[in-house]
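With the sequences and hints as input, model every part of the structure.
Residues 8 to 454 (the working numbering) make up the sequence shown, in order.
If you are wondering where the hints come from, they were derived from the structure by calculation, not from laboratory data. Take the hints with a grain of salt, since some may be wrong.
Label pairs and their computed distance ranges (CB to CB) [as the list claims (entries may be wrong)]:
1) P447 to L298: 42 to 50 Å
2) W41 to R136: 28 to 36 Å
3) G287 to Y418: 24 to 32 Å
4) A121 to G287: 25 to 33 Å
5) N268 to W41: 39 to 47 Å
6) L72 to P447: 27 to 35 Å
7) I374 to W290: 25 to 33 Å
8) E348 to Q405: 18 to 26 Å
9) L291 to Q405: 21 to 29 Å
10) L53 to F80: 32 to 40 Å
11) Y252 to A30: 47 to 55 Å
List of simulated lysine to aspartate or glutamate pairs, EDC-like, C-alpha gap at most 20 Å [said to hold, decoys possible]:
12) K438 to D111
13) K65 to E348
14) K253 to E81
15) K113 to E409
16) K438 to E67
17) K65 to D437
18) K413 to D403
19) K417 to D437
20) K65 to E81
21) K65 to D111
22) K438 to E70
23) K438 to E68
24) K253 to D77
25) K65 to D77
Beta carbons: idealized from backbone N, C-alpha and C, even for Gly.
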Amino acid sequence: MFSVGKFPTADHSRGRIFYTSIAYLITAIAFYLWTLNLYIINIPFLDDFNDILRFIVKFEEAETLSERIDAFFEQHSQPSHVDHRTMASRLMYLAVYCAQGVIDFKVLAYAANATMLMIVYGVWRGLKRNQYRYFWIALVVAVLLDIRQYSLISWPMSAFAFYCSYGYALLALIFLSGGTGAAFVLSLVLAILATYSLVSGALIWPIGLLSIIYSGLITGKRHWVFAVVWISTAAIVLSFYFTDYKSSVSIISSLQFAGENTLLVIQFFLAMCGSQFGFGNVWLAQAAGALILCLFFYHMTTTERAGFTHLHFFSIFVILSIGLVVAGRAYALTVFNLGLEVSLVPRYSLGSKLLIVTLLALTANRINRISYRQIVLALFGVFLLSAGNFAVFRADLQARYEVRIKQYNKYGIKIIHSDYFRDEVPIYADKAIENGMYVPPPRPMRP
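What follows is the structure, encoded as structure tokens:
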């Protein structure tokens, strides 16, 4: 540990390193907040209708405690398919709703983006013994806050689901390494929240078990009690999660497809791993994905004296989460005649980002000394990455923003996509407005 006044480096430029890093960090945060303020609007988008508005209406109309609990655990559904159970996100929706008295999608979007702080904290913990950690955390935040995953900026439902599934899992792995009973109980709670953010969050259970076993082997302490409780809790949570669970993707069909189209699946996986560096190009993303995986295997096979940390296990979690998406989406390439460009869908690039920042932190802990010039060059490199993604994807973000406002001005709340207004969805949207739970902005809105 050290104070700002005694920055622990033998380099005479230690003050410049610290202040340059802080200045870069503040600039990256300020620019992201400017982007949020520019593009966030108080209009629901896609799943916001049937996971936020629908949940709040059902919760308010519930007459019994049982009905309210059912509203929390009901499987998130869409007109074309059913999806995750999003209880953890619904806790967030309800908290914001109770605090304000209305559903405000701007506030929800800000809150959802703020959950990235869990990831920043998790990486910071992994850098706690690094003398240049302010510099490394500036790089990490800058990578996280560029607009490559631009669809999550103003899509609260999806942002909560993606950020929280990763964030809760990372925190669970941190507390699992604590070794105390209280930390273990907290890790169980966080694992449950990760599971009920996205279905991929359930991967925390096998990864967490690996962490417990590894910790027992390294420390020599008997962690069998933790292991038994962890496995038992996982069995209960997952059995409850998958009771009456409906899936739009057949596991058998996906595995069969993967076996018959191995090369295509590998290409899809590589593109998703490297999408942060792809700038919208599949081939660039695949090349970057291959290099990132090489770095991943390097860190997995050559550990430091400290051994595996929560960041090692989290990188495995991210890899498997990407693989789960590939299993679900690669099958659609044939069924819906889609191209490999699906691997570059903005929200899926979050996995690539997290893999990069995790491996960056692991690499940082292997570097004992770095000069001020190298730090400036590294910051400039990340700036070029962020600027490149901004240049490539801002037009898409702007177009989506303008289309939403144009449609809202013309049609009102029933906008965006006709599929989202089949059956009961418009009923809940209308009820939310009629009962004052949601107050749409006045029309016409100006872009």
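Verification of the supplied hints:
no. : hint                     : result
1   : P447 to L298: 42 to 50 Å : holds, 47 Å
2   : W41 to R136: 28 to 36 Å  : holds, 34 Å
3   : G287 to Y418: 24 to 32 Å : holds, 30 Å
4   : A121 to G287: 25 to 33 Å : holds, 27 Å
5   : N268 to W41: 39 to 47 Å  : holds, 43 Å
6   : L72 to P447: 27 to 35 Å  : holds, 31 Å
7   : I374 to W290: 25 to 33 Å : holds, 31 Å
8   : E348 to Q405: 18 to 26 Å : holds, 20 Å
9   : L291 to Q405: 21 to 29 Å : holds, 23 Å
10  : L53 to F80: 32 to 40 Å   : violated, 22 Å
11  : Y252 to A30: 47 to 55 Å  : holds, 49 Å
12  : K438 to D111             : holds, 15 Å
13  : K65 to E348              : violated, 37 Å
14  : K253 to E81              : holds, 11 Å
15  : K113 to E409             : holds, 16 Å
16  : K438 to E67              : holds, 11 Å
17  : K65 to D437              : holds, 13 Å
18  : K413 to D403             : holds, 15 Å
19  : K417 to D437             : holds, 17 Å
20  : K65 to E81               : holds, 11 Å
21  : K65 to D111              : holds, 17 Å
22  : K438 to E70              : holds, 16 Å
23  : K438 to E68              : holds, 10 Å
24  : K253 to D77              : holds, 16 Å
25  : K65 to D77               : holds, 9 Å
When the structure is compared with the earlier hints, violations turn up for hints 10 and 13 and for no others.
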